[in-house]
Amino acid sequence: MAAAITSPVPVAWYPTLAILMLAVGLIVTASFFIYEATSSRRNRSLAKELTTGALASFFLGFGTLFLLLASGVYV
Amino acid sequence: MARSTAMKAAGLILALLIFTFFSLAASSSNNQIQILNAERRIDLSSHIVKVFLTLKVENVGTSPASEIFLAFPPSQADQLALVKAQAAIGKKKKKSYVHLDVNPTQLPDAPNGTKYFSISLLNPLSSGETATLEVLYILTHSLEPFPAEISQLESQLVYFRDSALILSPYHIKQQTTFIKTPSTKVESFTRVEPTKFAGRELKYGPYEDRPPYSFSPVIVHLENNSPFAVVEELLREVEISHWGNLQITEHYKLVHAGARHKGVFSRVDYQSRASVKGASSFKHLLASLPPRVHSVYYRDEIGNISSSHLRTDYRKSELEIEPRYPLFGGWEGYLCYWIRATTGRLPFSSLLMASVTSTSALVVPLPRPHTLLMLMPDNVLSQVVLPEGSKDPSAAVPYPVEQHLETKYSYLDVVGRTVLVLEKKNVVPEHITPFQVYYTFKPIFMLAEPLMLASVYFLFFMACVAYLQIDISIRK
Chain A
1 MAAAITSPVP
11 VAWYPTLAIL
21 MLAVGLIVTA
31 SFFIYEATSS
41 RRNRSLAKEL
51 TTGALASFFL
61 GFGTLFLLLA
71 SGVYV
Chain B
1 MARSTAMKAA
11 GLILALLIFT
21 FFSLAASSSN
31 NQIQILNAER
41 RIDLSSHIVK
51 VFLTLKVENV
61 GTSPASEIFL
71 AFPPSQADQL
81 ALVKAQAAIG
91 KKKKKSYVHL
101 DVNPTQLPDA
111 PNGTKYFSIS
121 LLNPLSSGET
131 ATLEVLYILT
141 HSLEPFPAEI
151 SQLESQLVYF
161 RDSALILSPY
171 HIKQQTTFIK
181 TPSTKVESFT
191 RVEPTKFAGR
201 ELKYGPYEDR
211 PPYSFSPVIV
221 HLENNSPFAV
231 VEELLREVEI
241 SHWGNLQITE
251 HYKLVHAGAR
261 HKGVFSRVDY
271 QSRASVKGAS
281 SFKHLLASLP
291 PRVHSVYYRD
301 EIGNISSSHL
311 RTDYRKSELE
321 IEPRYPLFGG
331 WEGYLCYWIR
341 ATTGRLPFSS
351 LLMASVTSTS
361 ALVVPLPRPH
371 TLLMLMPDNV
381 LSQVVLPEGS
391 KDPSAAVPYP
401 VEQHLETKYS
411 YLDVVGRTVL
421 VLEKKNVVPE
431 HITPFQVYYT
441 FKPIFMLAEP
451 LMLASVYFLF
461 FMACVAYLQI
471 DISIRK
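Line by line, the protein sequences are chains A and B.
Quick note: the first sequence uses the working numbering, first residue 1, plus one each step.
Quick note: the second sequence uses the working numbering, first residue 1, plus one each step.
Bear in mind the hints are in silico, worked out from the structure with no lab data behind them.
One or more of the hints may lead you astray.
To be verified - Within a straight-line C-alpha distance of at most 20 Å, the following computed SDA-like cross-link-like pairs (lysine to any residue) qualify: (1) B:K442 to A:S7; (2) A:K48 to B:L459; (3) A:K48 to B:C464; (4) B:K442 to A:V9.
Stated by the list, open to error - Partial list, computed: chain A residues near chain B (C-beta under 8 Å): (5) S57; (6) L67; (7) A70.
Built from N, CA and C at the ideal position, the CB exists for glycine as well.
For reference, chain A alone in the conformation it holds in the complex (with noise of 0.2 Å):
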């Protein structure tokens, strides 16, 4: 019994999928940065500072993965 291989993705999802993770992770790398300009050193928390850019680079490499599908790179 042999099953056809798949992408685990849908392939016609790759466009689309690239460009909502991009927007996405370049909207929370707008909010880290605005949160870096607006907060003087004393009031600064790290763990804040971690987990938007934690979150914004999820999003930035999954979406970075999807552009390099959907423009034929299959990495």
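Starting from the known structure of chain A, fit chain B onto it as the hints suggest.
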């Protein structure tokens, strides 16, 4: 005292019996089998020589025979690309063919360096029985262009050397050889009576009662304008990605191995009447590809070539490639093309399959995605690039190839991708059959790529945080 001599005598007799038994067994092959009727059809219409041999063998010895030997002169044995045999079962209307194994073998007393192949019969042939065998063998590089240089307007003439009598380790009662030529023009041929030439067929025979290893060399000088395209090296790379893509890249180094071209090449003459002027040039390459391929591109050393056509239907796709310039004798060319196929579109024709016997063992049936009509690769190198993190690659190929593993670093690779390299020399179109590559791959490794990208971005953000926290001002 008497008992010891009696025992010694018994031992001697036993040794003598064993010796005679072995010597009889060793030399039995030549005396046991006799060929009643042998018919050989040599097809010279393309630049590959195909020979169909029909043998009716009879076992005239006492013990059953399970092997039949085929003999080839040493020069022909080097040019052999393929030897296949099948046995005919049943009577006229209900004939069916059963494939037989053919293996190269050595016989102890081979005159003049004769090379042998042994055909293993399905059921041993008992004494007095006859069997009909059909053998197909293909020779490459055996047509020698003569004259060695021709101009654009001349047609190509070649020498074909063989023997009028079939070389065999057995006694042949009756044999005939038919040579089929591509056109009616034959400059000369050696006469070994009875010989007859009519139309496009040259008949040597029938010859009666020839002893084993009889050989009568003949040379046929004929016109053969089929393009002698020889691929010096063919490099195929198959890249598998579990994100749903199969990419096949092929690089060809082409040489026209026919009569060398001398004089000028006139494009005007060539375009106007190519069938007469430049009859033996090589113009097209036809590749038969799996269905639903996309992103096909085709280029040579300079760049993209647009003179190609891709025709697709639901069963197969066909790519017709025309190089920038036609290849004449002695000319070389290089071209490469790549195609992409999406895996897993429809179950019955998907190219990448998973087997459920073990959780992550994979089977990839890969049809050799091209039919190299008219091409004769000297050396084919297939590289199958497996996804990063795959283990235990192995290939199931119907004919012997050399295999080894390499590593390739490609996009987003940390440890490199395993590459399974298969190499085969002297390939002919009959070798085009699907082969399968097996490997194990855990799908969780696919997650490593986006996580790697995300960690790079995370490092960037942490660098920003660190920069903004560090106080590097000189003055407080």
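Hint check:
{"no.": "1", "hint": "B:K442 to A:S7", "result": "holds, 13 Å"}
{"no.": "2", "hint": "A:K48 to B:L459", "result": "holds, 16 Å"}
{"no.": "3", "hint": "A:K48 to B:C464", "result": "holds, 14 Å"}
{"no.": "4", "hint": "B:K442 to A:V9", "result": "holds, 16 Å"}
{"no.": "5", "hint": "S57", "result": "holds, 4 Å"}
{"no.": "6", "hint": "L67", "result": "violated, 10 Å"}
{"no.": "7", "hint": "A70", "result": "violated, 10 Å"}
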